[in-house]
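Novice: Here the protein sequences line up with chains A and B, keeping their order.
Numbering that gives the first Met the number 0 puts the first residue of the first sequence at 0, with every later residue one more than the last.
Numbering that gives the first Met the number 0 puts the first residue of the second sequence at 0, with every later residue one more than the last.
Hint data in this document are derived by calculation from the structure and do not stem from the laboratory.
Keep in mind it's a predicted model, so treat the numbers as computed, not measured.
Wrong hints could be hidden among the right ones.
Covered, in the sense of this in silico footprint (three residues per stretch, anywhere, with C-beta under 8 Å from a C-beta of chain A), are these stretches of chain B [claimed, not checked]:
no. : segment
1   : 246-257
2   : 277-286
3   : 435-445
Result set (EDC-like, lysine to aspartate or glutamate): computed pairs, CA atoms no more than 20 Å apart in a straight line [unchecked claim]:
no. : chain 1 : residue 1 : chain 2 : residue 2
4   : B       : 65        : B       : 177
5   : B       : 454       : A       : 90
6   : A       : 109       : B       : 177
7   : A       : 66        : A       : 79
8   : B       : 159       : B       : 78
9   : B       : 425       : A       : 90
10  : B       : 198       : B       : 163
Virtual Cβ for every residue (Gly too), placed ideally from N, Cα, C.
Each chain, letter by letter, is given below.
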Amino acid sequence: MALLEIKDLHARIGDREILKGINLTVNAGEVHAIMGPNGSGKSTLAQVLSGREMYVVTGGEVIYNGKDLLDLSPEDRAREGIFLAFQYPVEIPGVSNMYFLKAALNTIRKHHGLEELDAMDFIELVKEKMKIMKMDQALLNRPVNTGFSGGEKKRNEIFQMAVLEPKLAVLDETDSGLDIDALRVVAGGVNAMRSPERAMIVVTHYQRLLSEIVPDFVHVLAEGRIVKSGGKELALELEAEGYADLYDEREAVGKV
Amino acid sequence: MSESTNTIETFANQEYKWGFVTEIEADAIPRGLSEDVVRLISAKKEEPEWLLEWRLKAYRHWLTLKEPEWANVSFPKIDYQDIIYYSSPKAKGDGPKSLDEVDPELLKTYEKLGIPLQERAILAGVAVDAVFDSVSVATTFKGKLKEQGIIFGSFSEAVKEHPDLVRKYLGSVVPASDNFFAALNSAVFSDGSFCYVPKGVKCPMELSTYFRINAKDTGQFERTLIVADEGATVSYLEGCTAPMRDTNQLHAAVVELVALDNAQIKYSTVQNWYPGDKEGKGGIYNFVTKRGACRGVNSKISWTQVETGSAITWKYPSCILQGDNSVGEFYSVALTNNYQQADTGTKMIHIGKNTTSTIVSKGISAGHGQNTYRGGVKILKSATGARNYSQCDSLLLGDKCGAHTFPYLEVRNTSAQVEHEASTSKIGEDQIFYCRQRGISTEDAVSMIVHGFCKEVFRELPMEFAVEAQKLLGVSLEGSVG
Ligand SMILES: Nc1ncnc2c1ncn2[C@@H]1O[C@H](COP(=O)(O)OP(=O)(O)OP(=O)(O)O)[C@@H](O)[C@H]1O
Ligand SMILES: [Mg+2]
Chain A
0 MALLEIKDLH ARIGDREILK GINLTVNAGE VHAIMGPNGS GKSTLAQVLS
50 GREMYVVTGG EVIYNGKDLL DLSPEDRARE GIFLAFQYPV EIPGVSNMYF
100 LKAALNTIRK HHGLEELDAM DFIELVKEKM KIMKMDQALL NRPVNTGFSG
150 GEKKRNEIFQ MAVLEPKLAV LDETDSGLDI DALRVVAGGV NAMRSPERAM
200 IVVTHYQRLL SEIVPDFVHV LAEGRIVKSG GKELALELEA EGYADLYDER
250 EAVGKV
Chain B
0 MSESTNTIET FANQEYKWGF VTEIEADAIP RGLSEDVVRL ISAKKEEPEW
50 LLEWRLKAYR HWLTLKEPEW ANVSFPKIDY QDIIYYSSPK AKGDGPKSLD
100 EVDPELLKTY EKLGIPLQER AILAGVAVDA VFDSVSVATT FKGKLKEQGI
150 IFGSFSEAVK EHPDLVRKYL GSVVPASDNF FAALNSAVFS DGSFCYVPKG
200 VKCPMELSTY FRINAKDTGQ FERTLIVADE GATVSYLEGC TAPMRDTNQL
250 HAAVVELVAL DNAQIKYSTV QNWYPGDKEG KGGIYNFVTK RGACRGVNSK
300 ISWTQVETGS AITWKYPSCI LQGDNSVGEF YSVALTNNYQ QADTGTKMIH
350 IGKNTTSTIV SKGISAGHGQ NTYRGGVKIL KSATGARNYS QCDSLLLGDK
400 CGAHTFPYLE VRNTSAQVEH EASTSKIGED QIFYCRQRGI STEDAVSMIV
450 HGFCKEVFRE LPMEFAVEAQ KLLGVSLEGS VG
């Protein structure tokens, strides 16, 4: 059974339909890359999967781990193992990164009937993950994302993922804003988390990331649909040729 | 989205759990205010002539004053002739000498409020003076405090047993003529707490007064006077609740603090008077004058307040920094929800050299609540080397509420350093969603953010109070909000 099965998914924001029939199957252990032009609906798909209420699902279904995903609240999806690394991580002043992450981890553990970690155990766990991510201790004691540089925010997302150990991670343009060294570290962190039990959907515009995190599949999302799928070589093709050829001619005409 | 917005808006809408009424026979005087009423109150309390004169002078002055209108609050005119100025639970004989003699109904009331007066049952380390309507009904740990020369008990008792001390300090920080409500209080105050910590004594336990308004249509006018003599230290807590009633009730208190050389007073309040219902009906008018005088060198007065109750709050705990190197602090969290209004802040008056003051104000507005910070920093010519740091932050929950900031600054000495920071923020849907995506429920997310917003103030509160304050804000780290 697939870990995630998206069938003919439609979603709108306001009156505007953004996702126009997405089909995608992701098995445990796989890494899928999603590429596509700006505004094509990649982040929308990520947000719909994590349950953001401002996006209204108008059709189709999503089965995750045998359950109807669209039935679950955002927090329950997270507790069931869905993690979204945000394209734009949100600042939460006044709440320490450490405290936030501990609260998150413990609600997830509680959901699975595990004992909550106390401060000592938590710090042990975090220390190990910090090493992998080359995270600065200072960032942990600061309020969540507050005043972080763009790159620090992205690194913090992947650090959170490393601590929360999700089943399905959706990384939305985690490479944007990272310098070359940071990109390697982050990709290293992501690769360290690849496992037969875990799947990842990596949204990116650049081959650069995909040469570090080598995907099993590459999909092109355009105008709310997956218009092409292939293996890792598809990313190289796209980099050379762009997306223009992939649009359906009739839809492309009349659009700016 | 609508779900998070609703939760944000209603998270503070917990039911008021302290709204019950105690059935107890009261000894009340007729409605209205006149010289005769002032005389009657004084007579009931068997006061000395000088105090009656002091009251009458205050009353006559009050008649010449107008109710202040500058505060950023609005309410129907108060009819001062429709208020009952004195009500006490009917005493059996001379009033209680010990806890065993206190009416069991009253003991039950305080137990229900979470303040067991039975000394054995009390959290070790807190002595409580319980004020019920117009009178103090019990003070715990008196004996233990007395061993160190600390006087702590009801104001009425202090007038009888330590008239010289009372006379020396009463009105010395907040003169009877200070303002409309202070004058009214001076004329009709009924009871309150008095505390004197002698030279060099560090008070070994937290002192606290718990104010309870019970009777209907009664005003509560208590007076608190705390004196820390040279080198003395004391930490004092004040809590308050009232039954739910659909008429407004007036609470006009005066608090005076005096710190002599090297003395320190820490005064913490968790104010939880009945705020009125969701439509803004009923609730307490909390018009209070609180002021501390740092008279001695190196003295320090620190105010910490968590204001969650009352329909209207009008309150500016202030410090007069007279002694050289003296320190004044004000830490405040004020929450207004539904139709609550708060106009609160502080005044720091720097007179002595190298005096420093710190102001940290956190206003939280929800529902239709209106929250105003009003703060004054005044640095006189004599205050060479004075420093002030002020920080005023507002947090909005929802979009029907308001936050307003009025900082006033007057600097007459060029060596002074003054720093002011202010911010307004809103709990955003994106913040809530970010938390939920990490598995944290909306309620926990809101309480986490609110708690984070207030923590600089909460950490100034004594432990037990910090916990109570957090609960009051609907902030429980276990996530039991709503
Ligand atoms: N909150 C919103 N309000 C209005 N329009 C929105 C909102 N969110 C997304 N959209 C619109 O939906 C479309 C798809 O946006 P989305 O963010 O999913 O694109 P994307 O593929 O992630 O683009 P990019 O590569 O630039 O990140 C865009 O046209 C965008 O303007
Ligand atoms: Mg995007």
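Novice: Run every hint past the structure and note whether it holds.
Specialist: Outcome of the hint check:
no.	hint	verdict
1	246-257	violated (count 0)
2	277-286	violated (count 0)
3	435-445	holds (count 8)
4	65/B <-> 177/B	holds (12 Å)
5	454/B <-> 90/A	holds (17 Å)
6	109/A <-> 177/B	violated (57 Å)
7	66/A <-> 79/A	holds (10 Å)
8	159/B <-> 78/B	violated (33 Å)
9	425/B <-> 90/A	holds (12 Å)
10	198/B <-> 163/B	holds (17 Å)
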